[in-house]
Each structure stands twice: as structure tokens, then as C-alpha cells.
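Asks: So the protein lines, in turn, are chains U and Y.
1198 is the number of the first residue of the first sequence in the working numbering; add one for each residue after it.
1198 is the number of the first residue of the second sequence in the working numbering; add one for each residue after it.
Source of the hints: derived by calculation from the structure; they are not laboratory data.
Treat each hint with caution, since some may be false.
Claimed, not checked - What the simulated footprint calls covered on chain Y by chain U, stretch by stretch (three residues with Cβ under 8 angstroms from a Cβ of chain U suffice, anywhere in the stretch; the number is not a length):
id : region
1  : 1490-1504
2  : 1515-1526
3  : 1542-1554
Stated by the list, open to error - Straight line, CA to CA, 27 angstroms or less: simulated DSSO-like cross-link-like pairs of lysine-lysine:
id : chain 1 : residue 1 : chain 2 : residue 2
4  : Y       : LYS1214   : U       : LYS1243
5  : U       : LYS1214   : Y       : LYS1216
6  : U       : LYS1216   : Y       : LYS1243
7  : U       : LYS1222   : Y       : LYS1458
8  : U       : LYS1243   : Y       : LYS1216
9  : Y       : LYS1458   : U       : LYS1434
10 : U       : LYS1242   : Y       : LYS1216
11 : U       : LYS1394   : Y       : LYS1242
12 : Y       : LYS1242   : U       : LYS1216
13 : Y       : LYS1222   : U       : LYS1214
14 : U       : LYS1222   : Y       : LYS1434
15 : Y       : LYS1434   : Y       : LYS1214
16 : U       : LYS1458   : U       : LYS1566
17 : U       : LYS1310   : U       : LYS1214
18 : U       : LYS1214   : Y       : LYS1242
19 : Y       : LYS1458   : U       : LYS1214
20 : Y       : LYS1458   : U       : LYS1566
21 : Y       : LYS1222   : U       : LYS1216
No residue lacks a Cβ here, since even glycine has one placed at the ideal position from N, Cα and C.
Protein chains: 2
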Amino acid sequence: MKERAVRILGTYRRMDKHKMALMNKRNVMDCIAEYGPINRAAIAKKVGLSVPAIMEIAEELIQLGMVESVRMPGKLSGKPLEQLSLCGDHFRYVGVDVGRETTRLMLVALDRKVLGRLRFPTRQVENESGFVDRICQGIHQLIAESQVDPATVAGACVTMPGLIEQDTGRVIFSPNFGWRDIPLRDWLVQRLPYRIKVESANRAQAIYEISSHPGDRDRTVFCVGLGYGIGGGFYEKGQLYYGASGTSCEIGHIRVSSYSKERCTCGNTGCLEAEASGAALARKAQRAVRQGKDTLLAAMCQGEPDKITARWVFDAAHQGDFFAQALIEQAAQHIGSALATTINLLDPDKIYLCGGLLKNGDDFFQRVKNYALEMQMDQAGRRVEILTGSLEEWNVAMGATQLFPYFGEG
Amino acid sequence: MKERAVRILGTYRRMDKHKMALMNKRNVMDCIAEYGPINRAAIAKKVGLSVPAIMEIAEELIQLGMVESVRMPGKLSGKPLEQLSLCGDHFRYVGVDVGRETTRLMLVALDRKVLGRLRFPTRQVENESGFVDRICQGIHQLIAESQVDPATVAGACVTMPGLIEQDTGRVIFSPNFGWRDIPLRDWLVQRLPYRIKVESANRAQAIYEISSHPGDRDRTVFCVGLGYGIGGGFYEKGQLYYGASGTSCEIGHIRVSSYSKERCTCGNTGCLEAEASGAALARKAQRAVRQGKDTLLAAMCQGEPDKITARWVFDAAHQGDFFAQALIEQAAQHIGSALATTINLLDPDKIYLCGGLLKNGDDFFQRVKNYALEMQMDQAGRRVEILTGSLEEWNVAMGATQLFPYFGEG
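Make a model of the complete structure from these sequences and hints.
Replies: Pasting the structure below:
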């Protein structure tokens, strides 16, 4: 009778007054951001706090310059009604999307207005440290051109594809750039007087998608970037999922082929990224042309197979080229297989497919979606929705500006 | 300038006084469960509340009969010191593990003492409803034999392998039993006067593992059951992860072979469960013997290949049989591949491997572990630990008794 079963259902969730106050302030800010202009009583109802509590928080937010109170004539009585809105004058955020070809910078105010944009070719710069200088220079230029007081810039978030260590903001490995073990956040902190974040491009994309669909806030959402590389971002219970070391969601390195000898940038073989990314499609097509394969791509490239990109493969397929069609079909199947695995493991409400490969017509999306739904465990009776995300080029930069909480860390 | 980026970082986490009180009570109970006997000041320190707050909560818990106060002589002053412990007299929980061969029932008190056990062969009963009757009869018998007042039984949790719908406690699909769409929780509620839960065996196993390693409470842990079937349970941020419909963690249905024609119970081909489970090993060995393959297993089964189990395959391998060794090596590789995928997507701190296949010696575990670590994305520099879980036969039943929160739903 001395045997014991330890009963443990959860961690101690320490919630003291300070934490509760922080959470309430964040909720009020979120509420004003989504519904403002909105009056205090309506906020109280939405966030589940008393009107006096909202009045106290609102006063604090007004004094901080984050919120402004606007008098509007009441509809019936004519008595002026006070409404709260976010104030765009004092807190601005910079989002930087370091893409393979182009680096995009965006300045966004707390009240969500876009204040400025800037872009430059990523390839101009040779070494990592020099490139970080170029980013910082771009940020200064963006702020100056937007005629914004630098003192009102509250944070800058730089995103790039690859593995980012969550705690330190180091770039562990970014295959597109050949970067390994670069202390990116440290370098940025040394050069810029702002709060700094470094994040993977796929997580920024995921946050952009969630914020574009307010209904997704309470959902479990996986966002997949299908471009030159392949990666993911996972949003669950109101926040991004990171995992133990911040290197979760590496859907590009799921093994989708057990016999392929295609070497992936990660060193393994058979990874989704090595089989079905934009880079993989281009590489496979180039190789086939060099080997004398009978395909339209041979004529298209006029003897320069190195010029073939994934885009060309889709063009050839649309013109009826069997080889290109087979390549794309195989890629769709591999992506579908990796999505099925993701569904079986994570059981999300929604999956968004984003990235350059989706820009080649709805047909490709439909094939991927059908393979995914067919290969996931059917009996589970899940209602997962698979959708295309927004393909607009500024998404990742926009998402990056949204990664700062109003108060506190995280 | 009218363009807008919606800034949304999280859901409104509504925390009112009632929820906070509930959370504090749960924390105090967890603390007494883990450290009791413990005095009020020590609890206050551990859970981060004031001593008066703890005194108030403790008073309530004592009145409910969940906690008892014990006077112990103080070490220095001799003045009696009041310590709190969980009280085993008023709240008991039944855990039921419906296994393929054996159903195990266990009665555990709130203070974690095991009060009784019972088992019966699962195969005795023909139809689903009759089997549920058999479970209920077993629960009554267990309570009577343990000489426990039925009024003190606070809940019963029935676990089985398969897909369980989280909200309703329906068995969506349990391939081992051929059950589809069985309203198991409803049937139990109609027959038993206790709070009822239905859960997948793998989640109960996961909770058992976490509770056996208190350090895991704040960790991200994936627990894999490798037996006749293959499934998983995922524990993250202090609780089990369910996904949108409760059908997450289906690691057995990750596609590990892109060319195999082995048909899985789920209808697809190439699933981990169809390639590397105990059932798959037995089936592959049986087929090989029937086809006249040169293997020790042919002699071992004495003309009755249907009798071959996974255990026999391991025995033959230990005796040097090449065919059996190759089967096991291939299974280890497939399991390693699925674990690598899980690591790439979820980035857990720890993975526990449990279930019957692990009972065949450390060598198999080591192979699986090596394949997993080799196939996951190496550059991520993760520190994931892969360990064997406990292989004791009562784990799942014990885990089931731990699935009730002290207060509230969940």
C-alpha cells in the first residue's frame, strides 16, 4: 500500500498581480487595435474586465502616448462620447525581410499605418558583417525618408530564412545565404539604439497570416513557405510555437523519399526541400537538360541550362511539356506527403500555403491540397482547411513589425 | 497612408478572480502532492503566493477533505508545527487500460496510494456494448474488493489505443479492436455515477512518464508507444497537446516508405505502423515463412506461421538469423525516420520510447535512437534526449488515474 502514483497535471502557473496587470494591459491594447475607435464600456465587455478597471488602464495608456481619446458626438443625446484609438505618433516598428534576392524594410506605426518602405538587392554585399551594416544603414534611411523621429522607433525585427536560435537571436544556419553561427541579434544591438528581434521568415509570415484573419487567433494554424527553400511556422493557443530550442517547424527537412539520392542543404537525403522546393525544381530541370532530356526547357534555355528556374518549369508545363509536368506532379505529391505528416502530428485547424511556388496558378495548389488530404489519416474525421496564404511581397516585413508585444517580453 | 497592418499577438487571455482562485488552488494541490507533508510558509514560497492567501486556500481544501493537517513537533523549539498532506480518504480515481490482450483497472487515492488492481482478458467479450458492461462490472468489483466507499470515487478514466474525439469521448477509430464511431464516454456515463473521461492510451502513458520525472513538467516531451500499434502523446507548456480535433500525435501514420505497398489499418500505404509495429513485424515474418524464406522462424513455428509474433522475430535475430535481423534493422530505421520528422517539426526536449517492442533488449533502442539523431536536421544543434520510458505493465492505468484535474474542467 506504499506504492505511489505521482499526480501532476501541469506546471505552477504563477500569476501574481503584476502579471495579471500586464496581461490586462495587453488585452486592452489588442482590443483597441482590433475594434478602435471604441468606448471604455465596450472594451470592458470584450476583455471581461470592469469599467473602472478599463478606465484606469486607459488612463495609463493615454499617458504613455500609446492610446488617444477622441470625442465624438453621441448619436441620440448629442452628448460627446469618448472613444479610444491607438495613437500612431509615439511608437513605430521596423520590419526587415531579408529575402534571397531582395531585402525589404517597412516602417509601421502602433496604430497600424504603414509609414514607409525601402528595398535593396540582397546580393550587393559580400560578407555577413558588411551585410548587417547595410541593413542598419537601410533602417536609418527608411526612418529618415519617412520623416519620423528616430526616438519614436520602439523596435526593429529582422527576419531571414533559416534556423534562428530563439534565446540569442543567432542565425544557426541559413542555407540560402551560407550563413552559419552568426550572432545577428548581437550585431544589430551593437549598431542600433532600438529593441531588436531576430526571427525566421516563416514565423513572420505566419504572424502576418494570423493577423490578416482575426478568426484565426484562437485557432491552431500551420503556415508553410514554399519558395526557393521550404519552411514553416506554427501558431497555437494564441502564440507562435517554438519548441525546446526554437528550431521547430522544419517541414522542409521531413524525409519524403526513402530512395532518393538528392542531397539536401542540411546534409541528409530525401528531404522535402531537396525534392520539391523552387531550388530543387530548378536543379532537377537543369540536370535533365544537361543530360539531353527531351523537354521544351532545352529550347527555352538556349544552351544555358544554368538559367532555368522553377518558374520556367511551370511555364514549360503550362505549354504541355510532359517532363516539366511530371516534375511538378512529383513535387506536389512530396509536399502533400509532408503536409499529411504535419496534419497527423499537429492536427491543425488550418494550413496556409505561401511562397513563390504558389504564384504559378491555382492548379498546383489544388494538386498539393488533394495529395495532403488523401494521405493524412482519413479516419480521424478532421476538418482541416488548406488555403493559400497571401502572396503579396511585403507580407514577411509586415509580419516582422507585428512580433513585438506592447508590454513585457516575448 | 491608409494601408493597415493588423497587430495581433495573442488571444485575450481572460483571467478573472474566479479563474485565478481556481489556478491558485490547483497550484497549491500540486505543491502539496509533490512536496507534502509541507508547511504553509513553504507552499507560499513555492507557488508564489502570500502566506495569508495559502492559509485561506488550505482551510478550504481541509474542509473539502482533500488535504489534512498534521501536527509535528518542531525541531528546535519543540512547538508543534503544522504540516499539510493530501488526504486519501475522500477522493479516489479509477484508471482503466484497455489493452489488446488484457484490460487493467487500478484504483488510486488522491494521496497517490494504489488501493487496488484488477485485470481481465480483453478478448472475452464479443460486442462493444457488452465490453463496456464488462468494464463497468470490473470497476464495481475493483471498488468492492478494495473495500472503498463508492461515494469516495471521484472519477474514472478509460483509455484505449486509437483515435478518441476530445470533446465527446467517442472512439473514432481503434484499429486493434475494429471499433469505429463508438460513443464510449456516453455509454460509460449512462452506466456509472462517476465523472468520466475517455483518453488515448498513448496520452495516458505520456502523463505517466511526465509524472515519473518531475523535472519534465516544464519541458516539451513527446512519448511514443511502440507496440502492436504505434502512437504518441505530446506534452507541452504544462499540459497534453490535443490539436484542433484531438487527433494529433499520430506518429504511426507518418509515411516512412514512399515505395512500400504494405497496407496500413488506416487505408494508406507506407505508414510507420504498417512497416515497423509489432503487428507489422509479425505479419512480414509470417508472410516470408509462408513464401519459403530461409529463416530460423520457419523451424520455430513448426509449420504454423500464423503463430509468429514480433517477439519471435527478436528471438530469431538474437540467435543470429539474418532475415530476422534485417527485418528489425529496417523497422529501427523506419522508426528513426519518423522520430526525426517529429524532432524537425516539434523540437522537443525529450522523447520517451515505450511499449512492447522496447522489451527486446537495449540494442533495438540504441539503433532506433541512432537513426533518429542521424536523420533529424543536424545543423539545428538541438539537445533532444531520447530515452526509454518505463515498461511496467500498469503504467497506462496509472496515467489514466492522473488525468483528472483537482478542480475545474480539463
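Asks: Does LYS1214/Y sit within 27 angstroms of LYS1434/Y, going by the straight-line distance between their CA atoms?
Replies: Since the Cα atoms of LYS1434/Y and LYS1214/Y sit roughly 22 angstroms apart, the hinted pair holds (cutoff 27 angstroms).
Asks: Has the given pair, LYS1394/U with LYS1242/Y, been kept, meaning a C-alpha gap of at most 27 angstroms?
Replies: violated (34 angstroms)
Asks: Between LYS1222/Y and LYS1216/U, does the CA-CA distance stay at or below 27 angstroms?
Replies: holds (18 angstroms)
Asks: Counting residues of the region 1542-1554 of chain Y that have a beta-carbon nearer than 8 angstroms to any beta-carbon of chain U, does the count reach 3?
Replies: This one holds; 5 residues, not fewer than the three required, reach chain U with a Cβ under 8 angstroms.
Asks: Given the hinted pair LYS1242/U and LYS1216/Y, is their Cα-Cα distance within 27 angstroms?
Replies: This hinted pair holds, its Cα atoms lying about 17 angstroms apart.
Asks: Does the structure keep LYS1214/Y and LYS1243/U at a Cα separation of 27 angstroms or less?
Replies: holds (17 angstroms)
Asks: Would you mind confirming whether the straight-line C-alpha gap from LYS1243/U to LYS1216/Y stays at or under 27 angstroms?
Replies: holds (17 angstroms)
Asks: Can you confirm whether the C-alpha distance between LYS1214/U and LYS1216/Y stays at or below 27 angstroms?
Replies: holds (13 angstroms)
Asks: Counting residues of the region 1515-1526 of chain Y with a beta carbon closer than 8 angstroms to any beta carbon of chain U, are there 3 or more?
Replies: With 0 residues closer than 8 angstroms to chain U, the region 1515-1526 of chain Y misses the three-residue bar; violated.
Asks: Is the hinted pair LYS1310/U and LYS1214/U satisfied, with a Cα-Cα distance of at most 27 angstroms?
Replies: At roughly 33 angstroms apart (the allowed maximum being 27 angstroms), LYS1214/U and LYS1310/U break the hint.
Asks: For the pair supplied as a hint, LYS1214/U and LYS1242/Y, is the alpha-carbon distance within the 27 angstroms limit?
Replies: holds (16 angstroms)
Asks: For the pair we were handed, LYS1458/Y and LYS1434/U, check the Cα-Cα distance against 27 angstroms.
Replies: Measuring from Cα to Cα gives roughly 38 angstroms; hence the hint is violated.
Hint check: violations occur at hints 1, 2, 7, 9, 11, 17 and 19; the rest are consistent with the structure.
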